[in-house]
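Asks: In case you want the letters, here they are:
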Amino acid sequence: MASIPLDDTVSERTTWASSVRVWVASMRAWIFFFALVIGFEVWARMEYHTTFLLNPFNASSIAVFAVGPLLLALGQTFVVISGGIDLSVGFTMGFAAVVFSKILNATTGAVWDPLAFLLAAAVALLASAIPGLINGLLIAKLRIPPFIGTLGMYGVARGTAYLLAGGTTVPISNPLVSFIGNGSLFSVPITVLVTVVITGAMMFLLSQSRFGQHVYAIGGSRQASLRAGINVARNTVALYVLSALTAGIGGILYTARFTAGAAQAGEPLLLDSIAAVVIGGASLFGGSGTITGTVIGALIIAIIQYGLVFVNVEPFWQFVAVGIVIIISVLVDQTQKQLSGGRSDE
Amino acid sequence: MKSWHIKAGLFASLLSAFAGWSDYAYAAGKKYTIALIPGLTTDAFYITMHKGAQVAADALGVDLVFQGAPEFNPVQQVPVLNAIIGRKPDAILIAPTDKEQLVSPLKKAVDSGIPVITVDTFIGNGRYQTGTGEADFPLSYIASDNIQGGVIAAKALAKAIGEKGKVYVSNVKPNISTTDQREQGFKDEMKKYPNITVLETQFNDDDANKAAAQFQSVYARNPDLAGVFGANLFSATGAANGAKQANAQGKVKVVAFDAPQSIVSDIKAGNIDIAIAQHPAEIGFYGVVTAYAHLIGQSVPPLIGTGFTVIDKSNVDDPNVKRFIYSD
Chain A
0 MASIPLDDTV SERTTWASSV RVWVASMRAW IFFFALVIGF EVWARMEYHT
50 TFLLNPFNAS SIAVFAVGPL LLALGQTFVV ISGGIDLSVG FTMGFAAVVF
100 SKILNATTGA VWDPLAFLLA AAVALLASAI PGLINGLLIA KLRIPPFIGT
150 LGMYGVARGT AYLLAGGTTV PISNPLVSFI GNGSLFSVPI TVLVTVVITG
200 AMMFLLSQSR FGQHVYAIGG SRQASLRAGI NVARNTVALY VLSALTAGIG
250 GILYTARFTA GAAQAGEPLL LDSIAAVVIG GASLFGGSGT ITGTVIGALI
300 IAIIQYGLVF VNVEPFWQFV AVGIVIIISV LVDQTQKQLS GGRSDE
Chain B
0 MKSWHIKAGL FASLLSAFAG WSDYAYAAGK KYTIALIPGL TTDAFYITMH
50 KGAQVAADAL GVDLVFQGAP EFNPVQQVPV LNAIIGRKPD AILIAPTDKE
100 QLVSPLKKAV DSGIPVITVD TFIGNGRYQT GTGEADFPLS YIASDNIQGG
150 VIAAKALAKA IGEKGKVYVS NVKPNISTTD QREQGFKDEM KKYPNITVLE
200 TQFNDDDANK AAAQFQSVYA RNPDLAGVFG ANLFSATGAA NGAKQANAQG
250 KVKVVAFDAP QSIVSDIKAG NIDIAIAQHP AEIGFYGVVT AYAHLIGQSV
300 PPLIGTGFTV IDKSNVDDPN VKRFIYSD
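Going down the list, the protein sequences come from chains A and B. For the first sequence, position 159 (counting from the first letter as 1) is numbered 158 according to numbering that gives the first Met the number 0, and the numbering increases by one without interruption. For the second sequence, position 318 (counting from the first letter as 1) is numbered 317 according to numbering that gives the first Met the number 0, and the numbering increases by one without interruption.
Careful: at least some of the hints might be erroneous.
[As the list claims (entries may be wrong)] No farther apart than 30 Å at their CA atoms in a straight line, the calculated lysine-lysine pairs in the DSBU-like style are these:
#: 1; chain 1: B; residue 1: 98; chain 2: A; residue 2: 101
#: 2; chain 1: A; residue 1: 101; chain 2: B; residue 2: 154
#: 3; chain 1: B; residue 1: 50; chain 2: B; residue 2: 165
#: 4; chain 1: A; residue 1: 101; chain 2: B; residue 2: 50
#: 5; chain 1: B; residue 1: 250; chain 2: B; residue 2: 158
#: 6; chain 1: B; residue 1: 154; chain 2: B; residue 2: 30
#: 7; chain 1: A; residue 1: 101; chain 2: B; residue 2: 321
#: 8; chain 1: B; residue 1: 250; chain 2: B; residue 2: 190
[As the list claims (entries may be wrong)] So the derived label-pair ranges between C-beta atoms look like this:
#: 9; chain 1: A; residue 1: 132; chain 2: B; residue 2: 322; range: 41 to 51 Å
#: 10; chain 1: B; residue 1: 133; chain 2: A; residue 2: 53; range: 31 to 41 Å
#: 11; chain 1: A; residue 1: 132; chain 2: B; residue 2: 66; range: 50 to 60 Å
#: 12; chain 1: B; residue 1: 319; chain 2: A; residue 2: 132; range: 47 to 57 Å
#: 13; chain 1: A; residue 1: 192; chain 2: B; residue 2: 132; range: 51 to 61 Å
#: 14; chain 1: A; residue 1: 141; chain 2: B; residue 2: 173; range: 38 to 48 Å
#: 15; chain 1: A; residue 1: 187; chain 2: B; residue 2: 196; range: 32 to 42 Å
#: 16; chain 1: B; residue 1: 246; chain 2: A; residue 2: 29; range: 52 to 62 Å
#: 17; chain 1: B; residue 1: 322; chain 2: A; residue 2: 33; range: 54 to 64 Å
#: 18; chain 1: B; residue 1: 196; chain 2: A; residue 2: 46; range: 13 to 23 Å
#: 19; chain 1: B; residue 1: 129; chain 2: A; residue 2: 330; range: 46 to 56 Å
#: 20; chain 1: A; residue 1: 52; chain 2: B; residue 2: 173; range: 28 to 38 Å
Please keep in mind that the hints were generated in silico from the structure rather than gathered at the bench. Beta carbons are placed, not taken as given, at the ideal position from N, Cα and C, and that holds for glycine.
Kindly generate the complete structure, drawing on both the sequences and the hints.
Replies: Structure below.
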């Protein structure tokens with residue numbers, strides 16, 4: 000690809016092919032999604048004479064369940080599209096959670112509650128941007144492979160979070176914050192509303208902004224992007240910072256929900272977040288993926304895990320089921336890549 | 000009660016030991032070094048155990064070394080253990096992270112002349128110095144009786160829900176000696192209540208988010224759910240949050256095993272109804288004391304059981320109860 004001159008016909012054909020690819024990829028996630036929902040509905044009706052789909056409690060529980068993994072997956076989508084991977088997001092989330100708790104505890108009582116919240120959230124986001132910035136610089140400037148650079152940051156963020164927290168969870172007590180974590184507006188949980196707004200912003204950023212176009216271009220071909228005059232280094236730094244920021248928001252919402260910041264808050268979510276991105280149609284080789292796909296991917300994982308408990312299946316089947324969905328997703332991805340690859344070789 | 004007698008006996012023997020032997024140890028210029036290897040370093044339970052061990056070490060004039068891995072698994076714990084064996088301490092206290100996989104690494108310590116005592120968790124079946132089996136070589140096992148802890152949790156929950164209704168265990172994952180025993184004790188005790196049904200256990204991989212969703216899913220299909228036993232911290236706080244999200248707080252009683260700082264605010268806010276606190280400081284203290292007793296030539300009991308404290312809203316501020324909250 001890199002050796003093909005960028006004349007009009009080729010670039011047109013590439014965009015057309017990639018839009019087909021993106022379309023197929025996102026459809027695959029939708030197919031899984033509907034198959035699952037309908038499957039659980041039928042199962043619930045036949046076995047327990049109850050509804051799965053039409054119970055608003057289930058929908059809201061699944062949405063809240065998906066918030067954590069989705070927030071990690073949103074930033075991860077940008078990173079994966081650029082051809083990278085960010086293994087540090089889980090502990091960046093924990094780091095932000097601990098920083099948020101510490102600042103909140105220091106300010107609650109001293110200042111007005113909403114101000115304490117804003118202050119703590121701002122400091123936590125700034126703090127979470129630091130590991131992202133270092134990741135970006137390592138990868139963009141020093142050309143360290145993302146897998147290694149972010150694996151190193153995984154350790155650093157984790158250690159720092161545990162040191163800050165003194166190895167334990169940090170309880171908070173601020174009524175406003177626990178309302179944000181557990182309250183509802185118009186019977187939609189606030190954490191879900193916040194996540195919807197952030198998802199919308201990410202969708203805009205990826206599909207409508209110049210930055211988003213550059214992320215796809217870098218993932219498609221770094222060489223071509225450089226030749227096209229894209230500042231690859233700056234965009235790379237920006238997208239790792241973005242990834243750390245969505246993780247930071249995840250950490251703040253976690254703390255608000257469980258009224259305690261824990262260094263290990265994001266640890267179990269890392270693999271789910273990568274799985275969500277892949278199931279959602281992004282290719283780990285870079286260049287393709289959408290936010291909509293990632294949202295569906297995160298919901299699929301949440302529905303599998305929630306639904307299997309609902310229909311009372313042996314717990315270990317959850318791992319098997321999520322694993323199978325990932326494998327099928329990657330298989331579909333590779334098959335359609337071969338198809339589209341064959342087309343451009345004509 | 001039984002454990003109390005063992006402790007009292009141990010103390011008596013120690014007092015006489017102090018009188019006769021400590022002078023001798025100092026006179027010989029021998030200062031003992033005892034290593035404590037926790038299951039993981041990033042956990043309030045083990046941090047508190049370390050503090051209890053330090054109190055005993057200071058009182059006895061022993062050097063205490065505290066080193067461990069950041070995660071609860073043998074792959075990370077064994078290298079730490081080997082490094083400690085390399086330093087040749089006079090005794091090793093360890094919370095083994097696997098019943099089988101730590102047997103031969105610990106055998107190496109004993110072979111090089113370092114006595115081993117296990118704290119909190121055990122190897123083999125936890126019965127030592129019997130002359131049978133591959134894993135009976137540690138001198139002593141010092142821990143809370145986790146089966147008993149599960150029984151206490153079941154009794155407290157049964158009382159809280161009026162001895163009727165559906166309950167389930169929110170647990171981490173299978174095959175961890177301690178959490179398995181808590182679940183077993185809980186389920187066995189619940190069999191004594193004919194009007195209580197124990198639903199299938201939910202495993203959450205130590206993820207509070209997952210534990211919360213599991214609560215909501217179980218509750219969605221069992222609106223008459225009466226209680227949950229969270230077998231460790233995240234299992235309990237997760238289930239408690241699920242109850243909160245489902246507006247079932249207070250209606251579904253949540254019992255938590257373990258009592259870190261955050262449990263106080265959770266109990267006060269009504270997120271968690273009852274917490275069963277172990278006494279990790281006691282485990283650490285008696286670990287060092289037992290090792291010391293052996294080093295100065297005393298015989299030691301192969302099993303020492305430490306106690307529990309049940310914490311709820313009514314006693315959470317009582318100083319006699321508060322001292323069992325794990326410290327940072």
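Asks: Now look at each hint and say whether the structure bears it out.
Replies: Each hint, compared with the structure:
1. B/98 with A/101: Violated: residue 98 of chain B and residue 101 of chain A sit about 37 Å apart, past 30 Å.
2. A/101 with B/154: Not satisfied, since the Cα-Cα distance of roughly 37 Å exceeds 30 Å.
3. B/50 with B/165: Violated, at about 39 Å.
4. A/101 with B/50: Between residue 101 of chain A and residue 50 of chain B the Cα gap is close to 23 Å, so the pair holds against 30 Å.
5. B/250 with B/158: holds, 14 Å
6. B/154 with B/30: violated, 46 Å
7. A/101 with B/321: Satisfied, since the Cα-Cα distance of roughly 22 Å is no more than 30 Å.
8. B/250 with B/190: Holds. Residue 250 of chain B to residue 190 of chain B sits at ~22 Å (cutoff 30 Å).
9. A/132 with B/322: 41 to 51 Å: At roughly 44 Å between Cβ atoms, residue 322 of chain B and residue 132 of chain A fall inside 41 to 51 Å, so the hint holds.
10. B/133 with A/53: 31 to 41 Å: Given about 57 Å between the Cβ atoms, the range is violated.
11. A/132 with B/66: 50 to 60 Å: Violated - the Cβ-Cβ distance for residue 132 of chain A and residue 66 of chain B, about 33 Å, lies outside 50 to 60 Å.
12. B/319 with A/132: 47 to 57 Å: holds, 49 Å
13. A/192 with B/132: 51 to 61 Å: holds, 58 Å
14. A/141 with B/173: 38 to 48 Å: holds, 43 Å
15. A/187 with B/196: 32 to 42 Å: Check passed, 33 Å falls within 32 to 42 Å.
16. B/246 with A/29: 52 to 62 Å: Since residue 246 of chain B and residue 29 of chain A have Cβ atoms about 32 Å apart, the given range 52 to 62 Å is violated.
17. B/322 with A/33: 54 to 64 Å: Because 56 Å falls inside the window, the suggested range holds.
18. B/196 with A/46: 13 to 23 Å: The hinted range 13 to 23 Å holds for residue 196 of chain B and residue 46 of chain A, with Cβ atoms some 18 Å apart.
19. B/129 with A/330: 46 to 56 Å: Holds - the Cβ-Cβ distance for residue 129 of chain B and residue 330 of chain A, about 54 Å, lies within 46 to 56 Å.
20. A/52 with B/173: 28 to 38 Å: holds, 32 Å
When each numbered hint is compared with the structure, violations occur for hints 1, 2, 3, 6, 10, 11 and 16.
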